[in-house]
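2 protein chains.
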Amino acid sequence: MAVLTLGTVAFDTIETPFGNSGKVVGGAASYIALAVSHFVRKQHLVSVIGEDFPQAFLSELSGRGACLNGLTRVEGGESFHWSGKYHEDMVGRDTLATDLNVLIGWEPRVCKSGNNADFVMLGNLDPTVQLAVLDQVAAPKLVVLDTMNFWMDVALDNLKNIIARVDVLTVNDEEARQLTGEHFLPKAARAIHAMGPKTVVIKKGEHGALMFQDEKVFFAPAFPLEKVVDPTGAGDTFAGGFIGYLASRHEATGEVSWEDMKQAVTVGSVMASFTCEAFGTSGLQALTAEDTLRRWEEYTQLTACGPLVWPA
Amino acid sequence: MAVLTLGTVAFDTIETPFGNSGKVVGGAASYIALAVSHFVRKQHLVSVIGEDFPQAFLSELSGRGACLNGLTRVEGGESFHWSGKYHEDMVGRDTLATDLNVLIGWEPRVCKSGNNADFVMLGNLDPTVQLAVLDQVAAPKLVVLDTMNFWMDVALDNLKNIIARVDVLTVNDEEARQLTGEHFLPKAARAIHAMGPKTVVIKKGEHGALMFQDEKVFFAPAFPLEKVVDPTGAGDTFAGGFIGYLASRHEATGEVSWEDMKQAVTVGSVMASFTCEAFGTSGLQALTAEDTLRRWEEYTQLTACGPLVWPA
Numbered sequence: 328m329a330v331l332t333l334g335t336v337a338f339d340t341i342e343t344p345f346g347n348s349g350k351v352v353g354g355a356a357s358y359i360a361l362a363v364s365h366f367v368r369k370q371h372l373v374s375v376i377g378e379d380f381p382q383a384f385l386s387e388l389s390g391r392g393a394c395l396n397g398l399t400r401v402e403g404g405e406s407f408h409w410s411g412k413y414h415e416d417m418v419g420r421d422t423l424a425t426d427l428n429v430l431i432g433w434e435p436r437v438c439k440s441g442n443n444a445d446f447v448m449l450g451n452l453d454p455t456v457q458l459a460v461l462d463q464v465a466a467p468k469l470v471v472l473d474t475m476n477f478w479m480d481v482a483l484d485n486l487k488n489i490i491a492r493v494d495v496l497t498v499n500d501e502e503a504r505q506l507t508g509e510h511f512l513p514k515a516a517r518a519i520h521a522m523g524p525k526t527v528v529i530k531k532g533e534h535g536a537l538m539f540q541d542e543k544v545f546f547a548p549a550f551p552l553e554k555v556v557d558p559t560g561a562g563d564t565f566a567g568g569f570i571g572y573l574a575s576r577h578e579a580t581g582e583v584s585w586e587d588m589k590q591a592v593t594v595g596s597v598m599a600s601f602t603c604e605a606f607g608t609s610g611l612q613a614l615t616a617e618d619t620l621r622r623w624e625e626y627t628q629l630t631a632c633g634p635l636v637w638p639a
Numbered sequence: 328m329a330v331l332t333l334g335t336v337a338f339d340t341i342e343t344p345f346g347n348s349g350k351v352v353g354g355a356a357s358y359i360a361l362a363v364s365h366f367v368r369k370q371h372l373v374s375v376i377g378e379d380f381p382q383a384f385l386s387e388l389s390g391r392g393a394c395l396n397g398l399t400r401v402e403g404g405e406s407f408h409w410s411g412k413y414h415e416d417m418v419g420r421d422t423l424a425t426d427l428n429v430l431i432g433w434e435p436r437v438c439k440s441g442n443n444a445d446f447v448m449l450g451n452l453d454p455t456v457q458l459a460v461l462d463q464v465a466a467p468k469l470v471v472l473d474t475m476n477f478w479m480d481v482a483l484d485n486l487k488n489i490i491a492r493v494d495v496l497t498v499n500d501e502e503a504r505q506l507t508g509e510h511f512l513p514k515a516a517r518a519i520h521a522m523g524p525k526t527v528v529i530k531k532g533e534h535g536a537l538m539f540q541d542e543k544v545f546f547a548p549a550f551p552l553e554k555v556v557d558p559t560g561a562g563d564t565f566a567g568g569f570i571g572y573l574a575s576r577h578e579a580t581g582e583v584s585w586e587d588m589k590q591a592v593t594v595g596s597v598m599a600s601f602t603c604e605a606f607g608t609s610g611l612q613a614l615t616a617e618d619t620l621r622r623w624e625e626y627t628q629l630t631a632c633g634p635l636v637w638p639a
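Protein sequences appear in the order of chains A and B.
Residues in the first sequence are numbered from 328 upward in steps of one, following our numbering.
Residues in the second sequence are numbered from 328 upward in steps of one, following our numbering.
These are calculated hints, taken from the structure and not from any lab test.
Relax, there's no trap hidden among the hints.
Derived DSS-like pairs (lysine-lysine); straight-line CA-CA distance at most 27 Å:
#1 B/Lys-531 x B/Lys-514
#2 A/Lys-589 x B/Lys-554
#3 A/Lys-412 x B/Lys-514
#4 B/Lys-525 x B/Lys-487
#5 B/Lys-525 x A/Lys-554
#6 B/Lys-487 x B/Lys-468
#7 A/Lys-543 x B/Lys-531
#8 A/Lys-514 x A/Lys-543
#9 A/Lys-531 x B/Lys-412
#10 B/Lys-531 x A/Lys-412
#11 A/Lys-589 x B/Lys-531
#12 A/Lys-514 x B/Lys-554
#13 B/Lys-589 x A/Lys-589
#14 A/Lys-369 x A/Lys-439
#15 B/Lys-589 x A/Lys-543
#16 B/Lys-525 x B/Lys-369
#17 B/Lys-554 x A/Lys-487
Calculated Cβ distances over 12 Å to all of chain B for the following chain A residues:
#18 Thr-340
#19 Gly-346
#20 Gly-390
#21 Leu-398
#22 Arg-420
#23 Ile-431
#24 Ser-440
#25 Asp-453
#26 Gln-463
#27 Lys-468
#28 Asp-480
#29 Val-481
#30 Lys-487
#31 Gly-523
#32 Lys-525
One side of the interface only, derived from the structure: several residues of chain B facing chain A at Cβ under 10 Å:
#33 Arg-504
#34 Val-544
#35 Pro-551
#36 Glu-578
Positions of the beta carbon are idealized from the N, C-alpha and C atoms, including for glycine.
Okay, chain A solo, but in the shape it has when bound (with noise of 0.2 Å):
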């Protein structure tokens, strides 16, 4: 069961008032390779690096079973970079720095064997480019759409394009009630069932995330950290893990169910937590199945509740 993925392979800089990351490798597909690994043998990237970027990282994500003829790499070119800076809450951020570089004027070129991947993961990029690389993939089971309330703003039109011929998609809450013009999440919810996806996860950082299906609902709450010391790659180290666990249960049943949805939801959201606990992608490349089984465990402790008992 190979996983396609979409998204930046890129440096990220960042700031929190508790530290610096210093230049540190980043970009959604990293996130989303690193935890998409956990689950399947073999996974495609379809990305742009430049000439700067480090061949440690790639080796390692090679050594995970990525396969990187997708991966373009331009000579004499500089990667993809962000700088950012976090507010005190460890929540908002000021971009202080957006170095497109190698991402201006790439084609993606999804390789050969790709072009048969069975679960595709569009990281949030222009519209443009997530339709061009969707329509290099011949039949896929299932795809998830990530974007962000940029291409609502200056793309809308190529945005719902994309979004009629995905399976799922992620946005967060403020992003679910632009794009519906709906405030309450189950009626944004339903209005974007509408134009496609049959799945919705609406991402709330901190406070956990709701999934949407049909008229099917459920809430994965995000666990309770004693200290971020940098959320970014949250988001995208959740989709990885959601579309990876997705991918092993096809795998194992031929089947995607809303039992394994709702699990792949979990275990996103606890991946997602190993993200946030140190810079980059460092503590998700630490990561081992050990410590994300163990801490699940801890994490469903968190809801469990044994049933009421009303007075006489």
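Using the hints provided, position chain B relative to the given structure of chain A.
Below, chain B alone, put in the same frame as chain A:
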């Protein structure tokens, strides 16, 4: 198992982007007492009203088992009145008027049988008033305190005095942060434990509630409503359901366990969702045990998830 509640019995005038309540019955103790009445036959109210307060609502409270001997009625006085306007998001709000009226100079009197109350709910009010009431209860088994940022700004010393004497503190996330100087909630909860309360409930409104006790933690989501008509009183309904349920469990078993506390948080959350669906107390007044139990079943399904299946 008698519950004694201190809080306002008052009028609210509420504006939302979707409608206006006109002048309706409100006040923390009104919501708390209505919620408590689902769980115990005997409760005491300590509050103050003016001559303008409707007898019909008092009769409803009496009919639900509330002793009103501690309810001072000021001849010629006007009841406390709060007026506010909710923002588009139905979360933020601006206060338009706070007419203290009969609250000014009021000295709370607990009646003779109220002196022996077992469970005490100190609704949000001046900590001096909360202290005066607690001093009049002989040997409470469990005391819950609600407060807000305003008292942290203007009466921090007295607030700390009352916090030191209670078993459970309920505050929202920003208030927990302000009170302790700790941003991350597990740390803030630990700092509050150190001030006295064994149990801390952090209310996050539409994002649910986190409860901490020693090193244990429990999370209760908010029920995802199709539409919020008026969130006023949701926190008080939550508190009333919480302490009412605990009182009923203590009556049945002679103790209050962590399991009881978890169930109390969930039933409080579910009852609060009914308050949000109508202006003022009307949603709560119409609520039956069957409604609560039915929604509670739906509510527990929100987070119900089978075990992860890790790929081989």
